[in-house]
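*Asks:* As a plain string of letters, each chain reads:
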Amino acid sequence: MRHQYELSQLVQSYGGKEVLHIDHLVLERGRIYGLFGPNGAGKTTLFNLLAFLETPSSGSIIFDGCTVPRSKPGLRLEKFRRQVVMVDQHPIMFSTSVFKNIEFGLKIRGVGRPGRTEIIRRVLELVDLSSYASARADQLSGGETQRLALARALALSPRVLLCDEPTANVDVENQAVIRGLLSRINRDQGCTILFTSHDRLQAAGLADETFVLEKGRLVSTSHENIFSCSAAPEQGVCLLQEKTRFFLPRGCLQPLGRSRIHLNPEKYTLERGPEPTPAPGVLHGRISLLLEEGERIRVAVNTGTMVTVFLSREEYQRHRLLIGDPVTLRFGGDGVEWL
Amino acid sequence: MRHQYELSQLVQSYGGKEVLHIDHLVLERGRIYGLFGPNGAGKTTLFNLLAFLETPSSGSIIFDGCTVPRSKPGLRLEKFRRQVVMVDQHPIMFSTSVFKNIEFGLKIRGVGRPGRTEIIRRVLELVDLSSYASARADQLSGGETQRLALARALALSPRVLLCDEPTANVDVENQAVIRGLLSRINRDQGCTILFTSHDRLQAAGLADETFVLEKGRLVSTSHENIFSCSAAPEQGVCLLQEKTRFFLPRGCLQPLGRSRIHLNPEKYTLERGPEPTPAPGVLHGRISLLLEEGERIRVAVNTGTMVTVFLSREEYQRHRLLIGDPVTLRFGGDGVEWL
Amino acid sequence: LANEKVIKMSTTTSTQASGLLDVLLPALEKDTGIQVKVIAKGTGAAIRDGRDGNVDVIFVHAKNREQAFVAEGYGTKRYAVMHNDFVILGPQADGARIKGMKEAVPALKQIADSHSLFISRGDDSGTHTKEQALWKATGLQMETVTSTVTKKGKSREISFTHPAGLGQWYLSVGQGMGKTLTIADEKQAYTLADRGTYLKYKYGREIPIDLEILSEGDPKLANPYGVIPINPKRHPHVNYQVAKEFAQWLVSARGQAVIGGYRLLGKQLFYPDAVQ
Amino acid sequence: MNFFTASFSSAIQLVFSLDPELLTVVKVSLRVSCLSTLLASVLGIPLGFFIAHGHLPAKRLIITLLNSLLALPTVVIGLFVYGFISRRGLFGSLDLLYTQNAIIIGQVILITPLVTALIVAAISRIDERYAKTARTLGATSLQTAVVIFREARFGICAAVISAFGRVISEIGISMMLGGNIKGFTRTMTTAMALEYDKGSFTLAIALGLVLMTISLAMNVLFNLVQGRGRL
Amino acid sequence: MNFFTASFSSAIQLVFSLDPELLTVVKVSLRVSCLSTLLASVLGIPLGFFIAHGHLPAKRLIITLLNSLLALPTVVIGLFVYGFISRRGLFGSLDLLYTQNAIIIGQVILITPLVTALIVAAISRIDERYAKTARTLGATSLQTAVVIFREARFGICAAVISAFGRVISEIGISMMLGGNIKGFTRTMTTAMALEYDKGSFTLAIALGLVLMTISLAMNVLFNLVQGRGRL
Ligand SMILES: Nc1ncnc2c1ncn2[C@@H]1O[C@H](COP(=O)(O)OP(=O)(O)OP(=O)(O)O)[C@@H](O)[C@H]1O
Ligand SMILES: Nc1ncnc2c1ncn2[C@@H]1O[C@H](COP(=O)(O)OP(=O)(O)OP(=O)(O)O)[C@@H](O)[C@H]1O
Ligand SMILES: [Mg+2]
Ligand SMILES: [Mg+2]
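Just so you know, the protein sequences line up as chains A, B, C, D and E, in that order.
Each residue of the first sequence is one higher than the last, beginning at 764 in the working numbering.
Each residue of the second sequence is one higher than the last, beginning at 764 in the working numbering.
Each residue of the third sequence is one higher than the last, beginning at 11 in the working numbering.
Each residue of the fourth sequence is one higher than the last, beginning at 11 in the working numbering.
Each residue of the fifth sequence is one higher than the last, beginning at 11 in the working numbering.
Extracted from the complex, chain A is given alone in its bound form:
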């Protein structure tokens, strides 16, 4: 049994509004998962459920082979919670010292004083906050708070670690440190890790697998290249982010008014050089970013708005693209989707 979580028909609603609806999802033990999605997609909501901090409106969660009972008043979920620690998006610190904030979870788990001191020393060092041990935890700066929250979670050596935007507000140096930390505890302790992020670039190397939530549902789009899109005066043309004119490919009708368009970064063709005449599905611009992401290369093309596409290493080597090179992107009807 290698399933850490198995979710079925998991729904969470607030005031009648469904903000999360997952039909089925299995998360395996000892892996690192990245969770992406726009604001309000339900990422934090999902984490709250996975950390047993809220009760879903309906649906079931199987954790480590045990069905999590639906919370009733007085029901004790500590058994589950002790194995899963969530690091909040905006972590909150108890109004005591940094040391005591970390000590809290350890005390609860009955770790003896010398053990506690040793663990606290170690985790503070990991996040480079050793000199803050006796500082007031609720007066730290934004990034310090974020790091302390991670240290507080790490001290408990959880089986599952849920990090809600672990590197937001954290400085570049420590972002690398945190990513290193996460992969290390995953490797050394077999800890299952889920994290959310809006920073694809930073997160790219970390996750073994990624999911995208959109309006509360798991979607297969990669969540790149989503643009607000309004109709231009001409027929069959729309304005991406009110700036870039885009001829819609044949067979692709724009919904009325403003809407959102998704240009699939894997379903396109790329040619070097500009194409002089505007044609359906065609965008041109200059290359602005090139980035290695695993076995593929991310290419950001400045067409007025920034459009991202992916190339395989071979394609890239064939094209030998440089920053500033003019290119033409051609999206077919299957590469364009309305959201």
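I should point out that these hints are in silico values taken from the structure, not numbers from a laboratory.
Hints should not be assumed to be uniformly reliable.
Here are the simulated BS3-like pairs of lysine-lysine, each with C-alpha atoms no more than 25 Å apart in a straight line [claimed, not checked]:
1) Lys-47/C to Lys-192/E
2) Lys-37/D to Lys-870/B
3) Lys-15/C to Lys-192/E
4) Lys-142/E to Lys-863/A
Using the hints, position chains B, C, D and E with the ligands against chain A.
*Replies:* Then chains B, C, D and E with the ligands, alone, in the frame of chain A:
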């Protein structure tokens, strides 16, 4: 008189600890400034002073030609505050509706009801939160909150806008929107903008000028390539981020124990291809990222740790570097600094 | 504390506030070894305590109600212990011109006729009972306020009688003697008071009240006190033997001597009733 | 024991008889309690705000003193005020003693420390960032205070309600400074005390029940005014 | 007027004479007040926590009822308890009437609603994320409650201090259920009332001053125990 702010000998201490110390700094009207620096460097502290929300321990601020009086109880700083709005790192929402949160500042400024409604409608649209107008503001998701906070500030058309990490927690699509918004209000309304960020890439195109704070002081380092650094067993070698061996250049002695090293990304030479023997000041690796930043190209080299350097467009065109290309970086004694 | 010789006594505030108990009880303890726990409250509440069996003995001044109390079997016997007297007080200016009048009833009538301010205790206390009786005797037109109380399923009427003019010249304050005196003094009004409290307020304080005795000595103004041990047949737990011993000591020559000898500010307050 | 049931039926009877005397007593009680709660709030809320938010050097000491004042007994307040407003006192000429205003003065002294202390507690807990946000949005000190009040509204309501509960159930001051004068300064509690002294417990409890009903009604009203939202 | 100065010197004299009678009275007062505050806290704090944090359907209604209970007059409580513990009452055989325990019972009834209501107010304002954080760190319900208490400590202290102030200055219940028996149930306030009844205002105020001093001392003590930290 084009000076928006003139700061002299500005010091802020908390409990005897000096967290900010700026000898002299002039910020000009109508420009966009980026403020960078590691966690705890004092960025938020500086913003609090610039927004007249805290009183400096010592030093003076001249705003728009007027010296800001040192706050005494009962002193009215509203005159100044009405021109400067700060968007917090972790913005706090009043526990009313989204609409009323934005309305607050407008009401205070005596904007009439129809005017208010119109402005609120407009700014909500700007940050794509129109459908949330009647939602409870303190129950929004992380990124929604961030965007609402910006909208709340924009509604007031301030002369100066201070954004503390405006795009942290915001999704990719809206990050672009926010950057667009900031440059637009800067252009259209001549609003002076200061923002902090840890995301150099995102911020690159936005700022007219950038500053770096480090331990409360303005520094000239670009804050790139700062690594924790511990001594390796061999003489004259250190380990960058406990991973990459680095032979220190001649004349460059490592302080005892752990410390932090800065490799200046502008003081180096780059050569194509690997150099087989380890030599002082030399790192090699493969290119992992190429990014256009104004007139120069950012190059990230994966040497085990990620090292960033900058190339001018000409140099870049000369080298014709591709992702994955092996390169050698050579830092002289003046390119290496201990922090 | 299992002292057999401890009893609880409910009494009116006047016995305690006048200071009598402060000399009486030590003498009692010296003679008989009896310790008395004193609970001072309004006459009505004190009688109520006796009815409920919360105390062993009561020491009050409301003769009719005391007799009823014994008749209903709550107490064994009323021992007539002592009396003091009431006096009619008023401001020095004496707008109703009653100074020196020997008889209380005409004096009150004169107060009513001149519509001089009169403060009534209005609390159904012994003093109030006496006042109502005097007013009735004046032959003035009286008003009666009746309120109905449901008790044990039966309705019971409680009535108050007062001369016409309530709220104009006749104020009913519903408070203890001391507070009533303070109010009367403050408003420079007439009132009926027991002599003990008056003396205390006139001579026993840093700031004496201004009121003066304008009429005294009428036998109708006598104020008898009685002591009643609670009937053990009703309340088997009461310490009847000691309570009886206490009552008997009070009416003994020794007890009576202590009472007769008590001086407040050089003036005698209480007159023994059981002296042979 | 059975006087509970008896009291209950008396209370109902009292209320339904709409006894004019009862009505007067209720009216006096409500008027006095509402006014003194109002005055104490007007004094105590800003004061509490100032103590909690002003940068006072001796904040802790002030709070300790304030808390000690919560133990001020009604007798002391009664005598104190009496000293001032009695015929021989400083303000004797105003003829305040034994009026409803005298009760109000005493009760204001009684509950202002309570309101203040509870406001300090309610406001201290409000995150400083609310004030900061209001200020950066351009609020004056007063407008900032309004924001903080809105965030602390539940605590503030609790303070005001406690104060109201304290005064409407208060006896000592009403008795000493009001004088329990029938038709003028007789309140529900002094009427109750009087009934008790007379030994008519049933009526005393019946009045108490009426008082509780009124208090409940006031609270329901307050709750409606306070409106919906997070507690 | 000048009885204020007179009272002041009397108070000092009283304290320095270390009058054994005064000492007994103070001891009784402190014992009764401390015990009833303790008991009411033991009842009211968990109850308040439960009301604030439990997912009760009728939370708002319960709070309204609770607030109405704040107006419970001492006479009613006194009579109510009297009904139970008087000789003819349900618990008459326990011989509780006119003992310190009777006062404590009455006072606990008096202040438990106060403590509970103030605790509800204090705790409702604590950000839910504190509880959430504690829970994700593995805290049981009890441990979570402890965290919330620590964050709400200032409000909780205010509640307990108010309750203490209320009982130590309370007269009605002490008088009715204690009986003001010298040496046994005479508290500072009933002694004060007696002195007042006797017309010795000076002594009454002097006793009041002693009471205030004791209350101040208790508060300073409390402050020291409470320790440093944000208010
Ligand atoms: N307690 C709540 N009551 C009502 N609505 C809520 C509540 N919590 C969240 N929501 C709403 O549910 C939606 C999903 O919120 P959630 O916090 O899960 O988003 P998210 O994916 O974490 O977004 P972000 O990237 O901005 O953090 C949002 O639209 C939010 O406004
Ligand atoms: N109220 C305070 N009391 C004590 N120390 C404080 C207080 N506010 C900030 N500090 C300390 O001052 C330093 C600077 O804090 P500041 O918030 O300005 O950092 P920052 O540059 O904004 O960092 P970040 O990128 O993490 O937001 C930090 O070390 C912080 O712990
Ligand atoms: Mg979120
Ligand atoms: Mg900051």
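*Asks:* All the hints need checking, so say for each whether the structure fits it.
*Replies:* Verification of the hints:
{"no.": "1", "hint": "Lys-47/C to Lys-192/E", "in the structure": "holds, 7 Å"}
{"no.": "2", "hint": "Lys-37/D to Lys-870/B", "in the structure": "violated, 40 Å"}
{"no.": "3", "hint": "Lys-15/C to Lys-192/E", "in the structure": "holds, 16 Å"}
{"no.": "4", "hint": "Lys-142/E to Lys-863/A", "in the structure": "holds, 17 Å"}
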